[in-house]
Amino acid sequence: MIRIENITKRFKKLKALDNISASFEKGQVISLIGPNGSGKTTLIKSILGMVKPDSGKIFFKEEYINGGFIYRKDIGYMPQIGRYPDNMKIGQLFNMLKNIRNEPPETIDNELIKEYDLCSMYEKPMRTLSGGTRQKVSAAIAFLFNPSVLILDEPTAGLDPLSSEVLKEKILQEKNKGKLILITSHILSDLDELTTHVMYLQEGKMQFLKNIETLREDTGEIKLAKAIARVMKGEDPAGNFISEVLTKKTK
Amino acid sequence: MMKLSKYVLYDILRSKIIIAYTLFLFIVSLSLFQMEEDSSKAMLSLMNIILIALPLVSLVFTTIHYYNSYEFIELMLSQPLSRKKILLSEYTGISLSLLSAFLIGVGIPVAFYAASETGMAMLFTGSTLTLVFTSIAFFASVRARDKAKGIGFALLLWFYFTLIYDGIVLLILFSFSDYPLEKFTLLISALNPIDLGRIFIMLKMDVSALMGYTGALYKDFFGSGTGLLFTVGVMILWITLPLWLAVRKFRKKDI
Amino acid sequence: MKFLTLIVFLGSQLFSFANTIVVGKDKPISSITKGIELAKNGDTVKVYPGVYREGRITINKSITLIGINFPVIDGQKKFENMVISGINVKVQGFHFIDSKHSSSEDFSAINIVDATKIIIQDNKIDNAHFGIHLANSTYCTIMGNEISGKAVSEQSAGNGIHIWKSSHAFITNNHIQGHRDGIYFEFVTDSEIRNNKSENNIRYGLHFMFSHNNYYAYNTFRKNGAGVAVMYTHHVRMEHNMFEQNWGTASYAILLKDITDSWILDNQFVSNTVGIFMEGCNRIDVKQNLFSKNGWAMKVQANCVDNVISKNNFKGNTFDIATNGTMVSSSFDYNYWDKYEGYDLNKDGIGDVDYHPVSMYSMIIEQNPNALILLRSFMVTLLDKAEKAIPSLTPENLVDKKPKMRPFAL
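Residue numbers (my numbering), protein chains in the order written: chain A, 11 to 261; chain B, 222 to 476; chain C, 3 to 412.
These are calculated hints, taken from the structure and not from any lab test. Mixed in with the good hints, there may be bad ones.
Stated by the list, open to error - Once the Cα atoms are required to be at most 30 Å apart in a straight line, the calculated DSS-like pairs of lysine-lysine come out as:
1) Lys119/C / Lys102/C
2) Lys134/A / Lys470/B
3) Lys227/B / Lys215/A
4) Lys119/C / Lys199/C
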């Protein structure tokens, strides 16, 4: 569904993305992980067209996006920190988006709005909202138009456990519908059950992109978090193994 | 695009600054006309407001608004909308609100007290300068990375267009006073929208003086159909060019 | 003296049993020349409508020539239409067209030479080289004539009313347009010019030299190429005249050159490039005038001495006063200046702070006319304000020490 070919992006001296290639298919839930500043957000922003890569190509449904914008119709995006016009009320925000998108009403997915009971806060201006509520709004917007691809940047950060659970349920449900879901996170515990693939970035380089089962076998860890932690430490033979796989791949 | 502009406009109206600006213009123009029994003197003060305050407000307001609506722009960027459309909608929204503030705040008093050719020239100049400086502010904002730099850049531009540019022109006029500079001065006036607007008003206000000396040349040129076309053309260029550059930059920009 | 002439005049009318001779195309006498030939002193020649092409019509006896419904006297561009000399001639109600043109000689529609007490009244003069030319004559009246020329260039054109070396002329209610100078005087004294309108002439609306003791009142001079120019004259009185829209690079509502002991009172100067330009002028009173919407209300050259500019209203002028030097020896006290920004604490109607009517920028423009393009720019405003605070360029003694707070009722 999404194919990335040799993406490189520099911010001044910093190489945020270094020659990254990957391919994501429908039905996959990809955990995009890596330490802070490893280029996760830059990568998804590149997919969204918010960041323009210096070189490389991104294909969406086999089509080179090349600065286009129509393809974003099929992407629901939940930013890391949802920032919205201060003076706008929640209700207005949803109405505005619906108005701009002008999609048929039957495709609208209001489930999260209901689950989070956002309707009762429709009259609240965005500037008065807590971080958690903003996250809920962001999540609701991401799923609103029933997109075939979901890109969620740190979705559970700032959510209380209950809301987090609601979101997880929702993600699972969408996954089962055969959607592609990209999740970035540096905390892995709450994504364990959902993830089908792990993509690991470090200093702008992709360390690996692997099926979770394989990864578990390789690392010998059931818990994903521990597996990753071991990779991060870099002392584990699995790390070497992974880089071996990668070098093979690039060949 | 109008849909988006509508939301931009709506957002601006809610911030109330634009309403304060409208009221300010209205009260100032009204009191000018009330205080001065001679409307020509009020027009003179009004001209200074149009040539000095209007560009400043347009620049600063637009820059601040641009940075304040960064969230909105971000949100829109995740939607299937082209960047050009988003930026142009922002421009339409801001320029429309500033323009209506001007036309209500200054236009109504002028229509009541000085619906003369001079008055019309002032409304024309004020309107175009609003559009021009909104456009220039977009250029500055898109180029500068953060708000402080953006506002600084905008202020610098204002300073340049209102003061420094004319200072340089005067310096040139005196350094090369032995040469025939009439054509040159005509040309350089086009390179500063404020100067161009000022000359446009002067053509109506100071027609007597402009008929004297080399002034007659300006009067002949700017007063003719060609001159009017030139003025309007250059103004349109001043509106579209910075906006076009801004769009071009914005398209490549990382958000 | 006047009374005596009147007696003589009436006497001559009585004793000669004045006759009326009728001239018309279908009348026994069909030519004006013939009619005049038949007339005796004191007779009236009545001319019926028609076009009369008789070359040059000469009048040298005391007759009254009256046109009915404007009979046309056609100069066919080959002749002067009419030449008058002598005493007591009146010409009224004719339409003079197409006099002879020349770039070297002063041909005219009505040429009055060596004459006294001539009245030229209510005629129309179209496309003449000179309209009415008066030379070496006294006590002539030119009134109610409509003089319209088709002047193209200064070299080839003549003047509307041209008077040379005459005295006691009375020029009134005429309307002159399209000539080189509307009214031109040279060596004309003790005359009165009242209620005329002189406009759209290519050079001056009024032009005089060496013409002393004349009185100009209630005239309108508008849209003349170079306004009004008066030179080398003393004891001129100009009152209640209107000068407007005299625009151009060298256009002045009035250019005063070497004028002394004169009065410019109660006039209106509106929308001229320069209201009054004074050069080498002494002891002129400029009072109770309105200067409005001019480029420069007054330009006073440094060689002007002892003039008094007072009780005038200066409103809406781009520049009030300009001068070319730093020494000024004329008085500018007690005027109303709309640009004055002072205050009046003791409420006597006079501002407590002096007003300097010369702006710094007007000095700059004197030196560098191109700088006019920066007029009213923010920078210029700042420069002017700075100069007001610390005068350095502007003449210090060109000052109104008693600026009025409110305009005079004029």
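Against the earlier hints, flag every one the structure doesn't satisfy and list their numbers going up. 2 and 3
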